[in-house]
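Chemist: Sequence:
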Amino acid sequence: ENSLQPGTYWNASRIHHYPSGGGHMAEHKDTHFPTILGKANIPFIQVVILLSNRNVDFSSGGGFIVDRDGQKIFFEDESSIGSIVIFDGSLKHGVEDIDPHLILDWQSSKGRIALFSNLYIFR
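For the sequence shown, my numbering gives the first residue as 1, with consecutive numbering after it.
A hint or two may mislead.
Here are the simulated DSBU-like pairs of lysine-lysine, each with C-alpha atoms no more than 30 Å apart in a straight line [unchecked claim]:
1) K72 <-> K110
2) K92 <-> K110
3) K92 <-> K29
4) K29 <-> K110
5) K29 <-> K72
6) K92 <-> K72
Read the hints as simulated data drawn from the structure, not as lab findings. Values in this document were obtained by computation on a predicted structure and should not be read as measured data.
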């Protein structure tokens, strides 16, 4: 049975701040929606809007995708703010530690910032 019925999902739009001094997200694959969508044979695409620039807001670490050959690809540079990154959520991806050489300062806006909009199922 296909559970892709109107009104059964909600949208979680949010901004993530990965602060300088250690903000990160462990390497992972998205598993929740690919399992549901697999029944309908629909690919699961992730969309991220970048709201910071490497070497301006942070200097090391950042968002990455692991390609099918196992190579880690970082997708931020000095002019990535406003860029849209679209990728297959079944690929390994994450955020490598942001400026781990710095002391974490929760009051600072320095670091990596990205906008996400994901669907979740009502339970």
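Chemist: Kindly indicate which numbered hints from before are broken by the structure, ordering the numbers from low to high.
Modeler: none
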